[in-house]
Amino acid sequence: MRQYLAEIDSSNVVLRVIVCDSKEWCETNFGGTWAETYRNRSDKNCAGIGMIYHADKENFAFLQPYPSWILDDSCNWQAPTPKPDLTQAEIDANKFYEWEESSGSWVITVEDHIP
Numbered sequence: 176m177r178q179y180l181a182e183i184d185s186s187n188v189v190l191r192v193i194v195c196d197s198k199e200w201c202e203t204n205f206g207g208t209w210a211e212t213y214r215n216r217s218d219k220n221c222a223g224i225g226m227i228y229h230a231d232k233e234n235f236a237f238l239q240p241y242p243s244w245i246l247d248d249s250c251n252w253q254a255p256t257p258k259p260d261l262t263q264a265e266i267d268a269n270k271f272y273e274w275e276e277s278s279g280s281w282v283i284t285v286e287d288h289i290p
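Using our numbering, read the sequence shown as starting at 176 and increasing by one per residue.
Any given hint could be a false lead.
[As the list claims (entries may be wrong)] When the alpha-carbon atoms are kept at most 30 Å apart in a straight line, the in silico DSSO-like pairs for lysine-lysine are as follows: (1) K219 <-> K198; (2) K219 <-> K258; (3) K232 <-> K258; (4) K232 <-> K219; (5) K270 <-> K258; (6) K198 <-> K232.
[To be verified] Computed beta-carbon distance windows for the label pairs: (7) A230 <-> D267: 44 to 50 Å; (8) S186 <-> K258: 28 to 34 Å; (9) D218 <-> Q239: 16 to 22 Å; (10) P240 <-> E286: 17 to 23 Å; (11) P242 <-> N215: 31 to 37 Å; (12) D196 <-> C221: 14 to 20 Å; (13) R191 <-> K258: 29 to 35 Å; (14) W244 <-> C221: 17 to 23 Å; (15) N269 <-> M176: 43 to 49 Å; (16) G279 <-> S186: 27 to 33 Å.
Since the hints were derived computationally from the structure, they do not count as laboratory data.
All C-beta atoms, glycine included, are put in the ideal place defined by N, C-alpha and C.
Construct all of the structure, not just a fragment, from the sequences and the given hints.
Pasting the structure below:
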């Protein structure tokens, strides 16, 4: 059966992702360290180049976006506080929330439109 496999380096960074018959085949023919990844599983992130493999979770995560964010059990980064919901008026005004690490909070900003 075909599998999606990610080659990872000694720091657990994904180098490439291929479709192959087995992890063992990749190790024998390409060398290196390989970990299975999945495209269509809601409980797993599909690996991509530059992502980090977390062996304890058997899952992949993007690089930590901010020092204060914490990796959850599903390998998704979570801010220390949840992002607030926008009002319809804020949406209509092209506003959105961005994380501001220096204040440790979400700040509202306006999307710039280029004419």
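Here is how each hint holds up against the structure:
no.	hint	verdict
1	K219 <-> K198	18 Å, holds
2	K219 <-> K258	23 Å, holds
3	K232 <-> K258	25 Å, holds
4	K232 <-> K219	9 Å, holds
5	K270 <-> K258	13 Å, holds
6	K198 <-> K232	18 Å, holds
7	A230 <-> D267: 44 to 50 Å	46 Å, holds
8	S186 <-> K258: 28 to 34 Å	30 Å, holds
9	D218 <-> Q239: 16 to 22 Å	21 Å, holds
10	P240 <-> E286: 17 to 23 Å	19 Å, holds
11	P242 <-> N215: 31 to 37 Å	32 Å, holds
12	D196 <-> C221: 14 to 20 Å	19 Å, holds
13	R191 <-> K258: 29 to 35 Å	33 Å, holds
14	W244 <-> C221: 17 to 23 Å	20 Å, holds
15	N269 <-> M176: 43 to 49 Å	47 Å, holds
16	G279 <-> S186: 27 to 33 Å	28 Å, holds
The structure fails none of the hints (numbered hints given earlier).
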